[in-house]
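Take these sequences, add in the hints, and give me the full structure.
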Amino acid sequence: MRLLTPLVLFLLIPTMASAHFGAIIPSDDMVGPEDARTLTLEVKFIHPMEGHTMEMARPKRFGVLHNGRKKDLDDTLVSSKRSEEERTVWISEFKLRRPGDYTFFVEPVPYWEPAEDLFIVHYGKVCVNALGLEQGWDEPVGLETEIVPLTRPYGLWTGNLFSGQVLLKGKPLPFAEIEIEYLNGSSADGQPIPTPDGPLVSQVIKADSNGVFHYAMPKSGWWGFSALSEADWTIHRNGVDKHVEIGAVYWVHTIDIP
Amino acid sequence: MITYRITVPGILLLLLLLPGLAVGHKVNLFAYAEAGRIYVEGYFPDGRSVSNGKVKVFDSADQLLLEGKTDPDGLFNFPIPKTKDLSIVLDAGMGHKTTFTLKKSEIKPER
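Listed in order, the protein sequences are those of chains W and E.
Take 1 as the starting number for the first sequence in the working numbering and just add one per residue.
Take 1001 as the starting number for the second sequence in the working numbering and just add one per residue.
None of these hints come from the bench; they were simulated from the model.
Check before you lean on any hint, since a few could be wrong.
Short, incomplete list of chain E residues facing chain W, as computed with Cβ under 7 Å [what the hints assert, rightly or not]: (1) N1028; (2) A1035; (3) Y1039; (4) Y1043; (5) P1045; (6) F1100.
A virtual CB, placed ideally from N, CA and C, is assigned to each residue, including glycine.
Here it is as structure tokens:
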């Protein structure tokens, strides 16, 4: 009974509006001449607003697009346990050797989500600018689905509008639904906000007929944008073909005007 | 005696003749060491090169070691003058000036 109670309780929790987000969070989104040129990137699977981390298997692919070339960074990933929840996240140390934009991307292995009876694959991206050369951020990586920014995705003030285009297999995804979450505790002072209720956890917007969306970020810190689609492929599990949710996820950072 | 009259159209013409001054664009500088030389690149945020920019190289004691100019591709290179922290200044004129510090460890990477 003692064991059962939490389980029953868990099942009784009404469909929590917490969205899953694949994430790549770098230690900095703009690296200047006086900054350390080694970035630390955290690759993880989270509920950003509620501060939960899910177990993440070693990603299938992790890399960076710089100056039109993709580089495989799988070897740089080291697993780490999140202290509070003992879940696996992946850490990469990367040295920025040249000026320009670095778009990091990840393709995780499918994550089985029993509550939704499907697998989840979130293709995550984030862009870091090095040494003032603002070139490359608007280039697609070529993932199965991805968000391509229409706003330069770094050097953003709090309140700025972020615009992007959702692509599925390289083509704009009309009327894509985008969930947006704030990475709680990522503001300059590191103070988390109290977890809000219901619809406030995830903002939801829809793209226009060209897959283009806009959102103004109301607080400093990291913001995740996630456009979900259903894959045209399935995964066999216990004799049944299960659907796969594929997500195009993009992260941007904002700072308050001093 | 010859006198020059400065006219408004004259000033406008002069302005047009000035080499592509990207007013409002920050000048950037990147430098790295490779095979005994230091390579310097001057560029604007959109990737255009800073050509004909004055380059001055100082050591950590602010002693001027050498100077030169960037070529049309924004490039300049020179033999490593000292294996010390170097401060490289690029002056593109009109207040477009930037400094890049090349650390000793990057000049001679410890492996």
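These are the hints, each one checked on the structure:
no.: 1; hint: N1028; verdict: holds (4 Å)
no.: 2; hint: A1035; verdict: violated (15 Å)
no.: 3; hint: Y1039; verdict: violated (11 Å)
no.: 4; hint: Y1043; verdict: holds (6 Å)
no.: 5; hint: P1045; verdict: holds (4 Å)
no.: 6; hint: F1100; verdict: holds (5 Å)
Figure legend: structure checked against the earlier numbered hints; hints not met, in rising order: 2 and 3.
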